[in-house]
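Chain order of the listed sequences is A and B.
Its first residue numbered 5, the first sequence is counted upward by one per residue in this note's numbering.
Its first residue numbered 5, the second sequence is counted upward by one per residue in this note's numbering.
Simulated from the structure, these hints should not be mistaken for lab results.
Note that the structure is predicted; figures quoted are calculated from it, not measured.
Honestly, I wouldn't trust all of these hints.
When chains are identical, the list treats them as one kind, so a pair holds in a single copy or across two.
Under the rule of at most 25 Å between Cα atoms (straight-line distance), these lysine to aspartate or glutamate pairs were calculated in the DMTMM-like manner [unchecked claim]: (1) K217 to E178; (2) K157 to D143; (3) K204 to D189; (4) K157 to D87.
The primary structure of each chain is shown beneath.
2 protein chains.
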Amino acid sequence: MSDCAVVLVSGGLDSATVLAIARQQGFRAAALTFRYGQRHAVEIEAARRVAQAGGAVRHEIVDIDLRAFGGSALTSDTPVPKDRDDLSIANGIPVTYVPARNTIMLSFALAFAEVLGSGDIFVGVNAVDYSGYPDCRPDYIAAFEAMANLATKAGVEGRRLTIHAPLIRLSKAEIIRQGVGLGVDYGLTSSCYDPEPSGKPCGRCDSCHLRRKGFADAGLADPLG
Amino acid sequence: MSDCAVVLVSGGLDSATVLAIARQQGFRAAALTFRYGQRHAVEIEAARRVAQAGGAVRHEIVDIDLRAFGGSALTSDTPVPKDRDDLSIANGIPVTYVPARNTIMLSFALAFAEVLGSGDIFVGVNAVDYSGYPDCRPDYIAAFEAMANLATKAGVEGRRLTIHAPLIRLSKAEIIRQGVGLGVDYGLTSSCYDPEPSGKPCGRCDSCHLRRKGFADAGLADPLG
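Work out the full structure: start from the sequences and follow the hints.
Below, the structure is given as structure tokens:
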């Protein structure tokens with residue numbers, strides 16, 4: 005499966021876009037989703053829809069339980085913050101930060117890629133609109149790639165593993181425009197950190213605010229309303 | 005918990021030694037064990053004994069299921085090889101290699117360390133007696149540490165995270181001598197890749213052969229016989 009790429013699919017707007025980009029670049033996509041004890045399990049159903057609509061040839065959902073450690077509003081009983089004024093890095097690392105989340109998810113992607121014989125992993129991290137997370141920065145992705153190339157059979161045998169983070173320097177509006185251009189149906193995605201049981205977004209968490217601003221800046225209507 | 009270190013404890017000989025080394029260096033130890041769908045679940049019970057006897061102040065057991073991906077004799081239905089003549093790297097990467105296993109385990113350790121406010125992770129990787137695994141080499145550990153320092157709040161805030169791999173250049177005999185010097189009870193450990201249901205080692209897998217040779221080279225008797 006050398007033309008196969010592992011694509012991390014959370015069910016959100018960014019990963020739906022990344023899946024479309026990987027497919028446009030000619031990769032067959034093996035989607036990988038995590039059920040990590042988060043409140044917003046609605047995301048898992050969104051991930052299934054996104055992977056299917058995005059033409060993934062395979063979709064694995066892996067359970068990882070970070071609740072044993074605690075430490076984040078997304079995995080513990082800390083309230084998800086609502087209607088924050090300042091979403092920039094100047095405001096510090098948000099309480100919704102999950103410790104080492106991207107490192108853990110990329111590590112599983114690395115295992116999956118190795119089993120598939122794939123040398124390509126796509127991930128929708130983004131350093132612009134949500135730069136409060138340390139593991140969304142370009143130098144972090146470069147360091148993970150360097151480590152990954154020493155960690156695996158492929159690395160030992162001289163085959164190169166590449167971490168693709170095609171959204172890392174894009175604004176939310178640019179991501180949305182690119183996705184719409186590739187035919188992504190954002191009506192299938194779920195972005196909210198604290199959705200209602202029906203799946204309806206709260207409209208007030210950081211993620212909902214960023215999504216609303218992204219569609220507004222792009223001059224497009226969010227199909228989720 | 006700045007004097008606290010996360011110690012990966014598998015229940016084997018190496019990690020029992022590492023726990024003793026971390027304690028000797030003055031750290032309080034938070035032990036971390038993985039249940040990763042392996043056949044040798046006997047290891048989990050060994051890990052509990054080792055963590056308790058080694059004075060760990062906390063012990064978390066995290067489930068990670070690598071079977072969804074397949075790819076190793078330790079997690080799939082491929083037979084564990086017995087009585088191999090050549091255990092060196094010249095013989096290639098063994099089929100018991102679990103894809104990205106150390107990367108996944110160290111990633112969870114990173115999350116645990118971050119939640120504890122700890123800047124130290126101890127891991128019993130060893131490049132000498134079992135150098136067929138790419139993720140047991142010193143340059144891999146250095147690359148993981150570099151990545152980890154970019155991945156987390158601690159890194160962003162200028163606190164240093166260190167991956168300690170004190171066994172990495174030691175022979176099995178040297179590890180055993182050091183552990184015996186620190187009072188480790190190797191009778192509590194389990195090394196076999198394919199133990200009997202009672203926990204009795206098979207005596208014939210690579211791990212059993214290496215353990216036997218280690219005790220013989222150290223001139224010591226294995227309390228497991």
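25 Å Cα threshold - placement of D189 relative to K204: Only inside one copy: K204 and D189 sit 17 Å apart there, 56 Å across copies, limit 25 Å.
Check K217 against E178 for me: Cα-Cα at most 25 Å, and say if that holds within a copy, between copies, both or neither. Cα proximity of K217 and E178: one copy only (12 Å, versus 61 Å across).
Have a look at K157 and D87 and pick one of within, between, both or neither, based on CA distance no larger than 25 Å. Answer is between: at 23 Å across copies they meet the 25 Å cutoff, but 47 Å inside does not.
Give the relationship of K157 and D143 under a CA distance limit of 25 Å: within one copy only, between copies only, both, or neither. For K157 and D143, both the intra-copy (24 Å) and inter-copy (14 Å) Cα distances are at most 25 Å.
Comparing the model with each numbered hint stated earlier shows that all of them hold.
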